[in-house]
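Participant: One-letter residues, chain by chain:
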Amino acid sequence: MSRVPQDAAAAVRPGAGRPDAGHQKDLLRQMLLIRRFEEKCVELYSAAEIRGFVHLYIGEEAVAVGVNQALAPDDAVVSTYREHGHALARGLPLESVMAEMYGKTTGCSHGRGGSMHLFDISRRFYGGNAIVGGGLPLAIGIALADKMRGEERVTACFFGDGAVAEGEFHECMNLAALWDLPVLFCCENNLYAMGTALDRAQAQTDLALRAGTYGMPAWPVDGMDVLAVEHAARRAAEAVRAGGGPHFLELRTYRFRAHSMYDPDRYRDKAEIEQWKQRDPVETLTARLRDARQLTDDELAAMEDELAGQIEASVAAARAAPDEPTETLTTFVYSPESS
Amino acid sequence: MSTEQVKTTYREAMRAAIREAMQRDDRVFLMGEDVGRYGGCFAVSLGLLEEFGPERIRDTPLSESAFVGAGIGAAMAGMRPIVEIMTVNFSLLALDQILNNAATLLHMSGGQCNVPLVIRMTTGAGRQVAAQHSHSLEGWYTHIPGIKVLAPATLEDARGMLWTALQDPDPVLIFEHGSLYNLQGLLAADAGPVDIRSARVCREGGDVSLITYGGTLGKALSAADQLGADGIDAEVIDLRSLRPLDDTTIMTSVAKTHRSVIVDEGWRTGSLSAEVSARITEQAFYDLDAPVARVCSAEVPMPYPRHLEEAALPQADGIVAAVREVVG
Chain F
11 MSRVPQDAAA AVRPGAGRPD AGHQKDLLRQ MLLIRRFEEK CVELYSAAEI RGFVHLYIGE
71 EAVAVGVNQA LAPDDAVVST YREHGHALAR GLPLESVMAE MYGKTTGCSH GRGGSMHLFD
131 ISRRFYGGNA IVGGGLPLAI GIALADKMRG EERVTACFFG DGAVAEGEFH ECMNLAALWD
191 LPVLFCCENN LYAMGTALDR AQAQTDLALR AGTYGMPAWP VDGMDVLAVE HAARRAAEAV
251 RAGGGPHFLE LRTYRFRAHS MYDPDRYRDK AEIEQWKQRD PVETLTARLR DARQLTDDEL
311 AAMEDELAGQ IEASVAAARA APDEPTETLT TFVYSPESS
Chain U
22 MSTEQVKTTY REAMRAAIRE AMQRDDRVFL MGEDVGRYGG CFAVSLGLLE EFGPERIRDT
82 PLSESAFVGA GIGAAMAGMR PIVEIMTVNF SLLALDQILN NAATLLHMSG GQCNVPLVIR
142 MTTGAGRQVA AQHSHSLEGW YTHIPGIKVL APATLEDARG MLWTALQDPD PVLIFEHGSL
202 YNLQGLLAAD AGPVDIRSAR VCREGGDVSL ITYGGTLGKA LSAADQLGAD GIDAEVIDLR
262 SLRPLDDTTI MTSVAKTHRS VIVDEGWRTG SLSAEVSARI TEQAFYDLDA PVARVCSAEV
322 PMPYPRHLEE AALPQADGIV AAVREVVG
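Protein chains in written order, with my numbering: chain F, 11 to 349; chain U, 22 to 349.
Hints are not guaranteed to be accurate.
[To be verified] Just the calculated beta-carbon pair ranges, DEER-fashion: (1) U:74 - F:347: 44 to 50 angstroms; (2) U:149 - F:159: 42 to 48 angstroms; (3) U:150 - F:283: 51 to 57 angstroms; (4) F:318 - U:265: 47 to 53 angstroms; (5) F:190 - U:338: 53 to 59 angstroms; (6) U:74 - F:302: 31 to 37 angstroms; (7) F:304 - U:99: 22 to 28 angstroms; (8) F:345 - U:72: 29 to 35 angstroms; (9) U:74 - F:312: 54 to 60 angstroms.
[Unchecked claim] Computed list of chain U residues with no C-beta within reach of chain F, every gap over 12 angstroms: (10) 52; (11) 120; (12) 307.
Since the hints were derived computationally from the structure, they do not count as laboratory data.
Bear in mind that the values here come from a model prediction, so they are computed numbers and not experimental data.
C-beta: ideal position from N, C-alpha, C; glycine also.
Kindly generate the complete structure, drawing on both the sequences and the hints.
Facilitator: Right under this line is the structure:
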């Protein structure tokens with residue numbers, strides 16, 4: 011049985027203590043940055059300027075932005091191959107992320123990783139792991155190191171519903187609970203593991219319920235509502251930081267685009283996609299702010315203009331940046347000081 | 022340097038190495054299945070739990086992927102973990118973490134994310150434990166750029182390789198042949214860290230180079246003794262480091278002896294012995310007076326009965342026969 015806290019409902023719905031308008035506008039800006047960045051990526055991919063796998067986060071922005079509100083600079087983040095949102099929300103410079111899409115020397119991973127492997131250790135952003143479930147053991151280890159040193163830090167570990175089918179997931183749930191590790195498990199349940207719907211892959215589709223059986227607090231969150239995500243993440247992260255052991259959030263969300271740029275998306279009903287789009291996290295927050303007369307059309311237009319300018323500048327910088335010299339091909343296989 | 026020598030075993034030397042590392046660096050901890058209360062499935066860590074406590078001598082569930090990955094994560098976050106895997110066969114359950122993370126993170130992150138992790142595991146046959154506990158898969162691991170692979174075959178290396186491996190900024194895998202734990206001998210009382218890059222000439226000779234490592238070093242030395250009685254003077258090389266390979270020591274020996282026999286407990290096809298043979302062909306072809314020969318395990322999953330297991334493994338007699346072929 012799921013160990014949902016008594017007031018889990020409060021975690022799902024932020025309730026009366028709604029953050030101020032300035033903060034909400036900041037959340038909107040962050041989500042819009044991710045949205046517009048990825049829309050630009052689609053354009054650049056179509057123009058063959060960027061290549062490889064590109065997994066879009068469009069529709070899921072509230073999760074990355076909401077969770078990151080709960081994290082401090084010395085907390086750690088472990089991400090997946092669908093990580094543009096996690097990276098940008100964590101504060102990786104837009105220019106370095108765009109340059110990585112181009113495989114340039116100014117990219118956040120020196121061009122070695124591309125879309126799936128964005129790293130920034132200065133922000134304790136331990137990268138995108140493109141083996142489903144493969145990042146969970148790393149998160150366990152980072153949290154173990156922090157705990158052994160007595161640091162009050164949280165490791166936020168993002169993964170999708172697909173990871174729940176992997177053995178590593180279950181090994182890590184157990185280990186985190188057994189060792190009482192400071193991990194915030196952020197399960198982005200977008201209902202599809204590539205083309206396989208959750209109920210075609212899982213005998214029990216209530217993922218929070220399953221996480222709860224490992225002996226950690228776990229509850230579902232509306233992943234389309236950034237305020238709900240922020241509220242739940244703050245609550246969970248505070249508990250983790252206070253020594254409450256691992257916590258698990260099942261962030262119920264949806265990707266509006268196909269799995270990757272290669273995916274013809276034959277396995278989902280158009281009606282289902284349209285239904286979820288009615289709950290677009292960006293639109294929802296925009297409408298909420300407008301209804302409360304806290305955001306004017308001019309403000310929104312100015313925000314869009316500013317973001318568009320930043321994104322164009324990042325593209326221009328990435329295009330102009332040098333390629334890594336071929337002579338450096340094997341530079342990062344072993345550390346320079348390696349014996 | 023002291024000349025005082027103490028009687029010890031490979032197991033005790035390894036334990037002394039772990040103890041020293043734990044004492045010298047509080048970032049070091051040991052993690053694995055039954056390393057604590059049980060004392061290690063080969064009793065390597067026996068007594069260390071009492072000495073260092075359960076935080077640093079950390080028993081894990083049977084979750085190879087999770088605890089190897091946890092070692093990688095802890096190493097990235099500043100610790101210096103030693104992860105023990107019971108046998109190389111079980112390490113396959115953690116292969117994703119070893120290959121896709123430990124060996125790859127530094128590169129994928131553009132040099133940001135090094136992984137100073139040591140993974141120890143048992144390898145090899147000879148104990149009648151059949152086809153899922155006996156294989157020598159270290160050659161597979163040598164295929165992977167980004168990691169280093171060591172095979173301590175002597176008391177000195179059992180005592181000395183660990184500390185040096187822990188100083189390395191990148192992942193190091195240490196393969197301990199299961200038949201060596203009871204190896205007894207004398208070790209300098211002040212034995213300490215050793216280099217982990219070079220091969221070692223264990224026995225000098227002029228007629229043939231016997232190139233080996235790990236559990237077959239003793240068999241190669243024994244074959245060399247037999248050959249010596251017949252007037253064939255074999256040089257025996259302990260590779261010690263399987264990745265990177267010390268080409269210089271190998272080629273220097275081959276240039277002297279003009280003949281080489283590689284002894285490897287791995288299977289022949291696609292093996293470490295194949296790699297060494299290819300390098301000799303590439304780098305010392307014109308020094309050779311005979312084709313490179315190999316003595317490997319038979320290409321069969323390890324059988325249980327003693328006589329079949331012995332038949333499957335490289336033995337001193339087979340090494341002697343192979344040398345006679347190339348010496349002609």
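Participant: Give a verdict on every hint.
Facilitator: Evaluated hints:
At roughly 31 angstroms, the beta-carbon separation of residue 74 of chain U and residue 347 of chain F lies outside the given 44 to 50 angstroms, and the hint is violated. Taking 42 to 48 angstroms as the suggested C-beta distance range, the pair residue 149 of chain U and residue 159 of chain F conforms, at roughly 44 angstroms. In this structure, residue 150 of chain U and residue 283 of chain F meet the distance hint of 51 to 57 angstroms, their C-beta atoms being roughly 55 angstroms apart. A hinted range of 47 to 53 angstroms holds for the C-beta pair residue 318 of chain F and residue 265 of chain U, which are about 50 angstroms apart.
For the hinted restraint 53 to 59 angstroms between residue 190 of chain F and residue 338 of chain U, the CB-CB distance of approximately 56 angstroms keeps it satisfied. Restraint check, residue 74 of chain U to residue 302 of chain F: a C-beta distance of roughly 56 angstroms breaks the suggested window 31 to 37 angstroms. At roughly 43 angstroms, the beta carbons of residue 304 of chain F and residue 99 of chain U sit outside the given window of 22 to 28 angstroms. For residue 345 of chain F paired with residue 72 of chain U, a C-beta distance near 31 angstroms keeps the hint of 29 to 35 angstroms intact.
Judged by the Cβ atoms, the range 54 to 60 angstroms given for residue 74 of chain U and residue 312 of chain F holds: they are separated by roughly 59 angstroms. The Cβ of residue 52 of chain U sits about 9 angstroms from the closest Cβ of chain F, inside the 12 angstroms cut-off, so the non-interface label is violated. Some Cβ of chain F comes within 12 angstroms of the Cβ of residue 120 of chain U; the nearest lies about 10 angstroms off, and the non-interface call is violated. The beta carbon of residue 307 of chain U is kept farther than 12 angstroms from every beta carbon of chain F, the shortest such distance being approximately 29 angstroms.
Going through the hint list in order, the structure does not satisfy hints 1, 6, 7, 10, 11.
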